[in-house]
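Hey, can you work out the whole structure from these sequences and the hints?
Every letter in the sequence shown is one number past the one before it in numbering that gives the first Met the number 0, and letter 72, counting from 1, is 71.
FYI, nobody ran anything at the bench for these hints, they're computed from the structure. A portion of the hints provided could be inaccurate.
Quick list of in silico lysine to aspartate or glutamate cross-link-like pairs, EDC-like style, CA-CA up to 16 Å [claimed, not checked]:
#	residue 1	residue 2
1	K70	D50
2	K140	E84
3	K73	E86
4	K70	D112
5	K181	D147
6	K70	E86
7	K140	E86
8	K140	D85
9	K140	D81
10	K73	D85
11	K181	E148
12	K73	D50
13	K51	E160
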Amino acid sequence: MKQEPSPGQNSDHEEDTDHESQRNPSPALIATAYHEAGHAVMALSLGRPIDKVTISPRRMQVEGVRLGACKIQKGRTKSTRDWLEDEVLILFAGMVAEAIITGEYCESGAAQDLRTARRLLHTRPGTQQQMERIERRLVDKTAHILSDEGHAQAIKLIAQELLSKVTISGRAVRHFFNMAVKQQDR
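Structure below.
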């Protein structure tokens, strides 16, 4: 007789599903890995250290929202001329990195990031039209930064590691970032 797993334990089927999703990741899981890698690469390029990056293959969709996270260390930022702009660039980086592999901006997958970015932008004085122009400029700036050969390679390396391991440490993220940027400098 097979025992039911206690709360917090995986059933054999769930473990098989996890391993299967890692061997043959769905397009949604791949997009999520690139999305989170994009956040991480932009944060590192702006001098913001990362705690960890994770994707959740078993719970890929909760009410239409894909699950993943890039945890940026709090209180350890380089002084920049525009903190708000840096935050918005990091928020847009997920959507832009996804577009690198899918060929289009997936606003539904980045809905929470977009809401947060727009809320931040609206703290600045200006008309709706001015805010839309600033948003377009920052999306373009994000695309320009992430299209750099070293940054694009870092996104790819981090996404591949996420698809393999699901969660990676900030130290590992920084290693892949530095490795890709150094290769590009050669």
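Each hint tested on the structure:
1. K70 - D50: 5 Å, holds
2. K140 - E84: 10 Å, holds
3. K73 - E86: Given pair K73, E86 holds - Cα atoms ~12 Å apart, limit 16 Å.
4. K70 - D112: 14 Å, holds
5. K181 - D147: 12 Å, holds
6. K70 - E86: Cα-Cα ~13 Å, so holds.
7. K140 - E86: Holds, at about 13 Å.
8. K140 - D85: 11 Å, holds
9. K140 - D81: Within the cut-off at roughly 14 Å; holds.
10. K73 - D85: Holds, because 14 Å separates the two Cα atoms, which is no more than 16 Å.
11. K181 - E148: 11 Å, holds
12. K73 - D50: 9 Å, holds
13. K51 - E160: Given that 16 Å is the threshold and the Cα spacing comes to 12 Å, the pair holds.
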